[in-house]
Every structure is written in structure tokens, then in C-alpha cells.
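K.L.:
Spelled out from the first residue to the last, the chains are:
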Amino acid sequence: MSFIPAPLSRFFHRTASPPHFYALADKLVPWLTVLFLLLLIPGLYGGLVAAPADYQQGDSYRIIYIHVPAAWMSLFIYVLMAVMGGIALVWRMKLAEVMLISSAPIGAGFTFVALVTGSLWGKPMWGTWWVWDARLTSELILLFLYLGVTSLYGAIEDKRSAARAVSILALVGVVNIPIIHYSVEWWNTLHQGPTVSKMDKPSIHISMLIPLLLMAGAFKLYYAIAVLQSAKLELIKREPSAQWVKSLLENKA
Amino acid sequence: MSLIQAFFAIVRRDLLLAFRRRAEMANPLFFFVLVVTLFPLAVGAQPNLLQAMAPGVIWVSALLAALLSLDGLFRSDFDDGSLEQLLLSPHPLSVLVLGKIFAHWLVTGLPLLLVAPLLALFLGLPGQAMPTLWVTLILATPLLSLIGAIGVALTVGLRRGGMILSLLVLPLYVPVLIFASGAVDRAASGLPVSAQINILLAMLLLALVLTPLPTAAALKMSVN
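Chains H and U supply the protein sequences, listed in that same order.
All letters in the first sequence, in the order written, are residues 1 to 253 by full-length UniProt numbering.
All letters in the second sequence, in the order written, are residues 1 to 224 by full-length UniProt numbering.
Since the hints were derived computationally from the structure, they do not count as laboratory data.
In this text, a Cβ means the ideal position worked out from N, Cα and C, and glycines have one as well.
Heads up, a few of these hints could be off.
Examples of chain H residues lying across from chain U (beta carbon under 10 Å, computed) [what the hints assert, rightly or not]:
1) Ser138
2) Gly154
3) Arg160
4) Ala162
5) Arg164
6) Ile168
7) Val172
8) Gly173
9) Val175
10) Asn176
11) Ile179
12) Tyr182
13) Ser183
14) Trp186
15) Gln243
16) Val245
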């Protein structure tokens, strides 16, 4: 590990200790909340009020300011969980396990939001709540992958082995996501193609794009806040009799 | 004992154990036939409807039969402690696990090949699709065993792992189902199927190399 500069690796080792992480998360959350609001308010205003209506879809398209960031987050969090799982398996880092398992319900929530908003949008646009379209189906399967992670973690009594099991599952899942995605894509396609990621010439107007990116940033920060809070709780639940938890509770009381 | 010998010793042992309990061997087969029988009863017996649904029905039933038989893969070894002996052996666990999966497939996956044509006949699948049905079964049932082994290894320590096992494994089965039933469907309409077959073969080779590793890791976790 000599290729990592000493201050950096010291920072990592210190952050990996539960009491230190707890204190750090406590300090970070208010700042993240401020940043979150700073992105959310102009994003929502820009998306729902300032941006022009779409020439075909009218105002219904505005649901993308929730739908698209939520769909992005659903994939992003799963990949992040797999990274955490890799770290947890290789270095046996407790904090990575805690972050992995705290991320799963949040990721499932984003996936659910993406599915619900997509189906709300689909009713006026496609004339039906649900179609067995490639992207919808792979998003639904992603939801099942998330639910598998949380229920496997809940089923195994010993939380250390549960975390290892979940790490393996997250890694297996992340290898499978592209395979599932492309096989489903080949199977059936109705969803509109990507509009933002065509980097050279996005087919979305700049006045619509900026609020979307603001909302994407806001969703990332929301995830950071939520995962830190739930990781704090998970840490306390894991070692309720540890010295630092006792002194923490005494100070609060 | 060399690695190859150890591999075949595992296969031999598991086959021997399976043949001692012959009644259990037939269960996945009966299940397969039963599930296929349920479909005409549920959707009606119009021949053209059944014919259109035949590839999907056969493949969903094969998938459920594979899922049902998975639990036996490590269960008895876990209960009587021979799984711990396997973990203690000097050979890499992933290779030994591959041996167990291979034996399990010979006992539960291969017999499906014998019944599938009969069921295809019942559902009125055109004869020209029969070779494709066989090829997809040969390629994809080992794939189901390989992928499912990861899920079994993760849940073998749980007392009621059945529901969780299906939640873990079924999403991972989706690509197999799509390509296998897609190939049979195309063959029934007389279209070329080499693309689907090639992808199934690629997935099988990939799974042969990759899936024993997480399975071995998960077994180590479960035995702890």
C-alpha cells in the first residue's frame, strides 16, 4: 500500500473507526443538507416553472426532473454497493459493510420512485400504466436485486457473516446487471432512447438540461445524507455495548 | 490425490448418493411435467394459443424445476458436516464445487432433456423446433445450476432459505430465460437461431469460469 501517500491512508484508517466516522458524519450532515437545499430549490424551480414546455409532450415531460435522477441513482447506488462489497471482502472493513447495507434500502427506494414516476408518465404518453418494455423491465429486475440484498441481510442472524453474504451477492449482481440489461434490451424496446448522454450534441435544450443536472446533484446529496444517517444508526445497533456508544448516549442524555 | 482425481471423486460420490435415493431423483421431473400440465388447464386448450406459448411454458417450467432441485445441492452435505471436510481439503474449493454442480446437473438437469420433447409434443410445438429445444436445454440447464449454486451457497445456513433463494436467483435467471425461450420461439417460426445459441454458449463458458468463485466464497461464509 506504499503507493498511497501516508496522510491519505491515515485519513482512511481513522475514518474507518466507528466512533471517528460517527463524529465525522455528525459534522457533515448539516453542511450536506444546506448544499442539498441549494441544489434542490433552483433545480425544482428551473424544472417545474422556468423551463419551457415540450412541444410534443406539453407539461407532462416535467416528471423527468424526478424520474431521470432517480433512475440514475438506482444504478449508481448498486454499483457503489458492489464497490463497498469488494472493499468489505478484501480488507474486511466494517465501515464498508455498514455503508453497503445502509445503501440498499435507499437504492431500492430510488428504484421504486423511478418505476412509479415512469408509470405515471406512461399513462398519458403511451396510454398505459405499464408496458413490458426493456428499460422498465430491467429496472423492475433491479428492484428485485435490491430486495434480495436486504432480505438476505435480514435473514442471516450473525451480522458479520450477513455482511459478507451481501457483499458477495452485490458483486455477483453487478456483473449481471449489464447482461440483464442488454438481454432485456434485445428482447423488447419501446422506451425512448437516451437524450442526455449523447455527449457531443445532447438532444435536450440547455434550459431543460441545467435543472435536470441540478436535480441529479440534489439527489446525490440526498443519498449522501440518508446513507450517513442510516449508517450512524447501523453502527450503534451493531455494537450497542461499545465504550464510545455508551459515552455518546450519556453525553446526549 | 491430484486435483483431477479429487474432482472426479466428488462427482462419483454425489452420483452414488443420488442413485441410492432414486425416488428423490424423479421429483424435479414430475414437477416439470405437472407445471406444464397446469398451463392448458389455466389458459384453455385452444391449440394455436398453446402452440404460441409452448416455448415459454416449457422454459418457465424447466426454470422452476431447476430452482426447486437447487436446494439439494449442498443441503445434506451441510447437515452431515461433509461440507466442512470439503472446505478443509487441500484442493481449491471452487474446483470441488464445480464437481458437485456437475453431478447435480447430471441428476436433475439432464433428465429434463428426455421429457421435454414429449411435453413439446403435448403443446403442439412444431417438429422443426425440437432440435433447438434440445440444444437450448443442453446449454442452459447447466447454466441454471451454475448460477443457482451461488444462491444456494449463500442461503444453505438458513433454516427457511427457500423463499429467499428464489428471490436471489430468479432475477439472475432472466437472461437465460430470454435467450433460451427466444431461440425455441424463432425455431418454431423457421427463423435462424445461431445468435441466441452463441450467446447461450458464451454465457455458459463465462459461468463455468466465474460462478464457482463466489459459490466457494459464499460456502465459506455459510459454514462459519
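K.L.:
Evaluate each hint against the coordinates.
P.N.:
Hint check results:
1. Ser138: 8 Å, holds
2. Gly154: 9 Å, holds
3. Arg160: 9 Å, holds
4. Ala162: Interface hint status for alanine 162/H: holds (9 Å vs cutoff 10 Å).
5. Arg164: Constraint on arginine 164/H satisfied, holds at 5 Å.
6. Ile168: 5 Å, holds
7. Val172: 5 Å, holds
8. Gly173: 8 Å, holds
9. Val175: 7 Å, holds
10. Asn176: Constraint on asparagine 176/H satisfied, holds at 5 Å.
11. Ile179: Because about 5 Å separates isoleucine 179/H from the closest Cβ in chain U, which is inside the 10 Å limit, the hint holds.
12. Tyr182: 8 Å, holds
13. Ser183: 4 Å, holds
14. Trp186: Holds, because the Cβ-Cβ distance from tryptophan 186/H to chain U comes to roughly 7 Å (cut-off 10 Å).
15. Gln243: With a minimum Cβ separation of about 27 Å from chain U (threshold 10 Å), the hint on glutamine 243/H is violated.
16. Val245: With a minimum Cβ separation of about 26 Å from chain U (threshold 10 Å), the hint on valine 245/H is violated.
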